[in-house]
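Student: Here are the chains, one letter per residue:
4 protein chains.
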Amino acid sequence: MIEAKTDIIVRYAETDKMGVVYHSNYFTWFEIGRVRLLDDIGHSYLKLENSGFRLPVLEATAKFIRPAFFDDRLVIHTTIREKPKVRMQIEYEIWREETILCTGVTRHAFVNEQGIPTRPPPLFIEQMGPYFR
Amino acid sequence: MIEAKTDIIVRYAETDKMGVVYHSNYFTWFEIGRVRLLDDIGHSYLKLENSGFRLPVLEATAKFIRPAFFDDRLVIHTTIREKPKVRMQIEYEIWREETILCTGVTRHAFVNEQGIPTRPPPLFIEQMGPYFR
Amino acid sequence: MIEAKTDIIVRYAETDKMGVVYHSNYFTWFEIGRVRLLDDIGHSYLKLENSGFRLPVLEATAKFIRPAFFDDRLVIHTTIREKPKVRMQIEYEIWREETILCTGVTRHAFVNEQGIPTRPPPLFIEQMGPYFR
Amino acid sequence: MIEAKTDIIVRYAETDKMGVVYHSNYFTWFEIGRVRLLDDIGHSYLKLENSGFRLPVLEATAKFIRPAFFDDRLVIHTTIREKPKVRMQIEYEIWREETILCTGVTRHAFVNEQGIPTRPPPLFIEQMGPYFR
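Residue numbers (the working numbering), protein chains in the order written: chain A, 1 to 133; chain B, 1 to 133; chain C, 1 to 133; chain D, 1 to 133.
FYI, nobody ran anything at the bench for these hints, they're computed from the structure. Heads up, some of the hints might be wrong.
DMTMM-like cross-link-like pairs, simulated, lysine to aspartate or glutamate; straight-line CA separation at most 25 Å [unchecked claim]: (1) C/17 with D/113; (2) B/63 with A/82; (3) A/5 with D/71; (4) D/5 with C/59.
Could you put together the complete structure from these sequences and hints?
Tutor: Given below as structure tokens:
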């Protein structure tokens, strides 16, 4: 299992006329979480892209439990529970202090620059290894 | 069952460096679909809000089947299969001509201005009636 | 002079907690206006890109006169007053019926795929010709 | 004069198919800069709003000098040069290490909850005082 935590501050642009964060922004926050997780294990998303890999989102789900507000200090918890193969599932929780606001899941495929599904790069698999023993 | 169709043209702002539409934008498109569906039955979302109701998203899911590109002409198909009560489920499909790009589901609650779950307005239930006989 | 008009409906996602459209969205609307203007003269932005040209924004300005609201039906007026050379200036007005909400200007350079400033494609210059006699 | 600096990391969602940050996002970054500046002087934007004030954008301008890329670590420099009265002008620079990417200016009005232009709250004027002697 791999876990990462990232802090964000809610932007005014992310709110809507209901006075709370517009729901689609949580999916952008999930992306911030997974970018950070990949940074933490030492194989950044940028590095993956630069070596010819892409990780398109195949499926994304979120449950909105409580609203987030402008200027909230939030924490994105990101978790990979199962060792990634051709596909990778990532889970997310958005917290404001002791309150959970949102949970979510994204599923991704490793593809090459032509969009063909492929195995993740060997170095990536190696760097993931210690987390799933 | 209620169905609605809306046309959109993909904006440059909606693409990302992968050259395709960034996935969170589909959730914004779903919103366009449901706003149109409510317009079509004669009870616009704005009217709902102005009479003190909100329809926050409780849950949102999307499956991304094929990418959408800048300047694509897309059609959003929006469907309500079951008569809304305190909650409402809405389904979406995004099409580019004969090709389906994305499917999705959102679940909503009717709440009042204090955020308390409530029944939909009687006129709304009445206007929905003919579609579910 | 070239002029184009495009209709848009304000999206919920474009509003903020002040209850009006968040200002940065107007710049996205300007883009919709210029994409439509290029469509109208028969040389779409996609065609420009596919033949190796880019039109990055060098400068963008907007004056916000009156707010736009969710579900507003707006018209984007887009105008090119001077024949484009290596650079191109485009002007915008956003109207809700008889009320002007916003004016703006963007300046663009024609660049090639390496980002080097370049002259616009000859066919584009030719198609622009009749509008500036 | 008041100055503030804020760090941001470019989000994937902020890029477009040109492979760089889509220009309208800089205006959102400017907002992050001014929210931080107000935090730094001890009168947060949230506090302004909660005491019945709004700071709508009257005008916004940006010059785009060099592109920003996904995962770039950027610094937003925000400056107020003249003591705010009914209106306030704020200047911005976006830097990637020693490289300036963008400059911008926004002009704001203090308005009350009815949108009527008004003087800033006395406490705010007092907190601003020491910076403009």
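Student: Are the hints correct? Go through all of them and say.
Tutor: These are the hints, each one checked on the structure:
no. : hint            : in the structure
1   : C/17 with D/113 : 12 Å, holds
2   : B/63 with A/82  : 20 Å, holds
3   : A/5 with D/71   : 17 Å, holds
4   : D/5 with C/59   : 23 Å, holds
When the structure is compared with the earlier hints, no violation turns up for any of them.
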